[in-house]
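Line by line, the protein sequences are chains A and B. In terms of the numbering used here, the first sequence opens at residue 149 and continues consecutively. In terms of the numbering used here, the second sequence opens at residue 6 and continues consecutively.
Read the hints as simulated data drawn from the structure, not as lab findings. Keep in mind the model is a prediction, meaning the values are calculated, not measured. Heads up, a few of these hints could be off.
Unchecked claim - Here are the computed distance ranges between Cβ atoms for each label pair:
| # | chain 1 | residue 1 | chain 2 | residue 2 | range |
| --- | --- | --- | --- | --- | --- |
| 1 | A | 374 | B | 50 | 47 to 57 Å |
| 2 | A | 255 | B | 20 | 32 to 42 Å |
| 3 | A | 257 | B | 20 | 54 to 64 Å |
| 4 | A | 420 | B | 50 | 54 to 64 Å |
| 5 | A | 380 | B | 278 | 27 to 37 Å |
| 6 | A | 374 | B | 111 | 35 to 45 Å |
| 7 | A | 361 | B | 34 | 45 to 55 Å |
| 8 | B | 278 | A | 374 | 49 to 59 Å |
| 9 | A | 361 | B | 142 | 19 to 29 Å |
| 10 | B | 113 | A | 374 | 48 to 58 Å |
| 11 | A | 226 | B | 56 | 37 to 47 Å |
Unchecked claim - Partial list, computed: chain A residues near chain B (C-beta under 7 Å):
| # | residue |
| --- | --- |
| 12 | 191 |
| 13 | 195 |
| 14 | 196 |
| 15 | 303 |
| 16 | 346 |
| 17 | 349 |
As the list claims (entries may be wrong) - In silico lysine to aspartate or glutamate, DMTMM-like type, Cα no more than 25 Å apart, as pairs:
| # | chain 1 | residue 1 | chain 2 | residue 2 |
| --- | --- | --- | --- | --- |
| 18 | B | 139 | A | 299 |
| 19 | A | 326 | B | 285 |
| 20 | A | 282 | B | 66 |
| 21 | A | 260 | B | 255 |
| 22 | A | 260 | A | 288 |
| 23 | A | 260 | A | 419 |
| 24 | A | 402 | A | 279 |
| 25 | A | 324 | B | 46 |
| 26 | A | 282 | B | 57 |
Glycine included, each C-beta is placed from N, C-alpha and C at the ideal position.
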Amino acid sequence: MTNFKKFKILSTFFLVLLLFLPASVKVSASEQVIVVKGSTTVLPIAQPCAEVFMDQNPDIDISIQGGGSGVGITSLIDGTCDIGNSSRPVKEEEVAKAKEKGVELFANIIAKDAIAVIVHTSNKIDGLTLEQIKAIYTGEISNWSPVGGEDQVIVVVSRDSASGTFEAFNELVLHKEKLRPDALMQASNAAVATTVANTPGAIGYVGLGYVTSQVKAIKVNDIIPSKETVNDNSYPLARPLFMYTNGEPEGIVKDFIDFVLSAEGQKLVEENGFIRVK
Amino acid sequence: MYKKKENTIRWIFTILAFSSLFFLVGITITLFISAWPAFQEIGLFEFILGREWYPTYDPPDFGIFPLIMASFLVTIGAAIICVPLGLGSALFINELASQQQKALLKPIIEILASIPSIVYGFFGMVVVAPYLQKLLQIPVGQTAFTGSLLLGIMATPTVCSISEDALSFVPNSFREASLALGANRWQTLTKVTIPAAGSGISTGIILGMSRAIGETMTVLMVTGGAAIIPTSFFQPVRPMTSTIAAEMGEAVVGSTHYHALFAIGLILFLITLIFNIIAELISRRYRLKLGLGR
Numbered sequence: 149m150t151n152f153k154k155f156k157i158l159s160t161f162f163l164v165l166l167l168f169l170p171a172s173v174k175v176s177a178s179e180q181v182i183v184v185k186g187s188t189t190v191l192p193i194a195q196p197c198a199e200v201f202m203d204q205n206p207d208i209d210i211s212i213q214g215g216g217s218g219v220g221i222t223s224l225i226d227g228t229c230d231i232g233n234s235s236r237p238v239k240e241e242e243v244a245k246a247k248e249k250g251v252e253l254f255a256n257i258i259a260k261d262a263i264a265v266i267v268h269t270s271n272k273i274d275g276l277t278l279e280q281i282k283a284i285y286t287g288e289i290s291n292w293s294p295v296g297g298e299d300q301v302i303v304v305v306s307r308d309s310a311s312g313t314f315e316a317f318n319e320l321v322l323h324k325e326k327l328r329p330d331a332l333m334q335a336s337n338a339a340v341a342t343t344v345a346n347t348p349g350a351i352g353y354v355g356l357g358y359v360t361s362q363v364k365a366i367k368v369n370d371i372i373p374s375k376e377t378v379n380d381n382s383y384p385l386a387r388p389l390f391m392y393t394n395g396e397p398e399g400i401v402k403d404f405i406d407f408v409l410s411a412e413g414q415k416l417v418e419e420n421g422f423i424r425v426k
Numbered sequence: 006m007y008k009k010k011e012n013t014i015r016w017i018f019t020i021l022a023f024s025s026l027f028f029l030v031g032i033t034i035t036l037f038i039s040a041w042p043a044f045q046e047i048g049l050f051e052f053i054l055g056r057e058w059y060p061t062y063d064p065p066d067f068g069i070f071p072l073i074m075a076s077f078l079v080t081i082g083a084a085i086i087c088v089p090l091g092l093g094s095a096l097f098i099n100e101l102a103s104q105q106q107k108a109l110l111k112p113i114i115e116i117l118a119s120i121p122s123i124v125y126g127f128f129g130m131v132v133v134a135p136y137l138q139k140l141l142q143i144p145v146g147q148t149a150f151t152g153s154l155l156l157g158i159m160a161t162p163t164v165c166s167i168s169e170d171a172l173s174f175v176p177n178s179f180r181e182a183s184l185a186l187g188a189n190r191w192q193t194l195t196k197v198t199i200p201a202a203g204s205g206i207s208t209g210i211i212l213g214m215s216r217a218i219g220e221t222m223t224v225l226m227v228t229g230g231a232a233i234i235p236t237s238f239f240q241p242v243r244p245m246t247s248t249i250a251a252e253m254g255e256a257v258v259g260s261t262h263y264h265a266l267f268a269i270g271l272i273l274f275l276i277t278l279i280f281n282i283i284a285e286l287i288s289r290r291y292r293l294k295l296g297l298g299r
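Generate coordinates for the entire structure from the input sequences, incorporating the hints supplied.
Listed below in structure tokens is the structure:
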């Protein structure tokens, strides 16, 4: 047999194999589907949890979409999803609207999102108040000396205004006031940490899971950011993350939420930079 | 039978050749359709001349003037760096280098072109930016200048290889005639060789700038990303490309913000189109001037 012929036979074999591949996937596809919609902040928790859950339960299919907390809760009320992800508690209007439609919004807290404020390791500042952080980010304070540091220009580093971390920071610190326009906008938590680590006058904020030894996490309102202070609710820059369901979760939805709250699910929560609740 | 086979092959190649036209038209139409709602909702002038970019606030501001200025500033800076570097290397390789030097330099410059842009970006963020910050005593190292420096180095291979090709196509008879008339090497170079290769050299420069203005990953990582109208090279800026890259993943599909990002893409596309048209016009003018026609 010539080499060419061998090649031909082999490639035909692989082509046939490829044709069968989608068919074999389809066979294991299921009837049971969980639709999850909502907050992009919760997405990095929901996605890996769903992947592992689907591996363990091949007969259940989970479809996950983003869109924001509002979209998640609205879809839950409209009945177009089973789980509405949200990075904020529901609003009164939403509860009223849900009642009209006979939907009971049940909050499942699955993780906590905490933000650490970081400065360069050479910075003498130990802590700032929420008001001071806000004044720095809006541009009212632009030097470290009024807040107890050296006479040095503050370099303000922020996450991109479209990110979930920025959204949380905006809600907890800025209260929707505009960031100073010359703030450095970084595309990831890691980029913020690198920039702050390399810039003596910098201040930045990252998810608590991204704090490294190359930067200094400071106290906020005199509270050190840590898992303990987040879980006893004393650290101010933290917020719970929710998976809302219609009434107490039942059936496969309960199975999935139980999985997220299990040791395995909470490990995924931690691996993705959030704080575990169990 | 033979004729039929030849015709089939001819058709296949015709379709393949025209497929790029199909892609171009498809991309342009998609860009227009996705960008159009942004112009309707924001207004063309408010969009292009607006001075504030706060896309996720309530009410949002969608002014991309600072982004356009940032892109131009970084690109001009890159041109200032890549033109002397690229053209200088091309002249050296073509006019002065020995065979061994040529054999060493050409592959090295090609390798420079093959480094992925994220590697440039990472290098810029971790090494160049902190170094510049200390060296120049500026508050932050991620500036328009840092971006220009890296983009300039990235665009150098483009400028160099196209210019070098153009120089090598200048007939030796031109140089010989000039030298025979008593011109020295410098005069021959500046009065004969460079003008004769002018169209290729300008094409190289403009394509290099095109690459610089369209480059995304590097500028996203090293220019800081502050949406302000730059007043100096040593300020953080937010070019158009990095805005699209940073925000597209998070913008809600179908929102004004989403369409505004497509509109930025459209404007970027028009700018590079203008660059390419200019390159084409310049190369024609040179051909006419030299009587090479076409």
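Status of each hint after checking the structure:
1. The beta-carbon spacing between residue 374 (chain A) and residue 50 (chain B), approximately 51 Å, falls within the hinted interval of 47 to 57 Å.
2. In this structure the hint that residue 255 (chain A) and residue 20 (chain B) lie 32 to 42 Å apart at CB is violated, the actual value being about 58 Å.
3. Hint check: residue 257 (chain A) to residue 20 (chain B), Cβ distance near 58 Å, so the stated range 54 to 64 Å holds.
4. For the pair residue 420 (chain A) and residue 50 (chain B), the beta carbons lie near 43 Å from each other, so the given range of 54 to 64 Å is not met.
5. Roughly 59 Å separates the CB atoms of residue 380 (chain A) and residue 278 (chain B), a value that falls outside the hinted 27 to 37 Å.
6. The supplied range of 35 to 45 Å is broken by residue 374 (chain A) and residue 111 (chain B), whose beta-carbon atoms lie about 57 Å from each other.
7. At about 51 Å, the beta-carbon gap between residue 361 (chain A) and residue 34 (chain B) stays in the expected band of 45 to 55 Å.
8. Restraint check, residue 278 (chain B) to residue 374 (chain A): a C-beta distance of roughly 54 Å satisfies the suggested window 49 to 59 Å.
9. For the hinted restraint 19 to 29 Å between residue 361 (chain A) and residue 142 (chain B), the CB-CB distance of approximately 26 Å keeps it satisfied.
10. Between residue 113 (chain B) and residue 374 (chain A) the beta carbon distance is about 51 Å. The supplied range of 48 to 58 Å therefore holds.
11. At roughly 40 Å, the beta-carbon separation of residue 226 (chain A) and residue 56 (chain B) lies within the given 37 to 47 Å, and the hint holds.
12. Interface hint status for residue 191 (chain A): violated, as the beta-carbon distance to the closest one in chain B is roughly 10 Å, over 7 Å.
13. The closest approach between the C-beta of residue 195 (chain A) and any C-beta of chain B is roughly 13 Å, which is over the 7 Å cut-off, so the hint fails.
14. Interface restraint check for residue 196 (chain A): the shortest CB-CB distance to chain B comes to about 17 Å, outside 7 Å, so the restraint is violated.
15. For residue 303 (chain A), the interface hint holds, since its Cβ comes within 7 Å of a Cβ in chain B; the closest pair sits about 5 Å apart.
16. Contact between residue 346 (chain A) and chain B, as hinted, is supported at the beta carbon level, the nearest pair being about 4 Å apart and thus within 7 Å.
17. The beta carbon of residue 349 (chain A) comes within 5 Å of a beta carbon in chain B, closer than 7 Å, and the hint placing it at the interface holds.
18. Between residue 139 (chain B) and residue 299 (chain A) the alpha-carbon distance is near 17 Å, which keeps this suggested pair within the 25 Å criterion.
19. Taking the CA atoms of residue 326 (chain A) and residue 285 (chain B), the gap is near 45 Å; set against the 25 Å cutoff, the hint is violated.
20. Note on residue 282 (chain A) and residue 66 (chain B): the hinted pairing holds, with a Cα-Cα distance of about 21 Å set against a maximum of 25 Å.
21. The straight-line distance between the Cα atoms of residue 260 (chain A) and residue 255 (chain B) is roughly 20 Å, inside the 25 Å bound, and the hint therefore holds.
22. With a CA separation close to 30 Å, the supplied pair residue 260 (chain A) and residue 288 (chain A) exceeds the 25 Å bound.
23. Of the supplied pair hints, the one linking residue 260 (chain A) and residue 419 (chain A) holds, its CA atoms being roughly 13 Å apart against a limit of 25 Å.
24. With a CA separation close to 41 Å, the supplied pair residue 402 (chain A) and residue 279 (chain A) exceeds the 25 Å bound.
25. Distance restraint check for residue 324 (chain A) and residue 46 (chain B): the Cα-Cα separation of roughly 22 Å lies within the 25 Å cut-off, and the hinted pair is therefore satisfied.
26. At roughly 20 Å between alpha-carbon atoms, residue 282 (chain A) and residue 57 (chain B) fall within 25 Å of each other, so this suggested pair holds.
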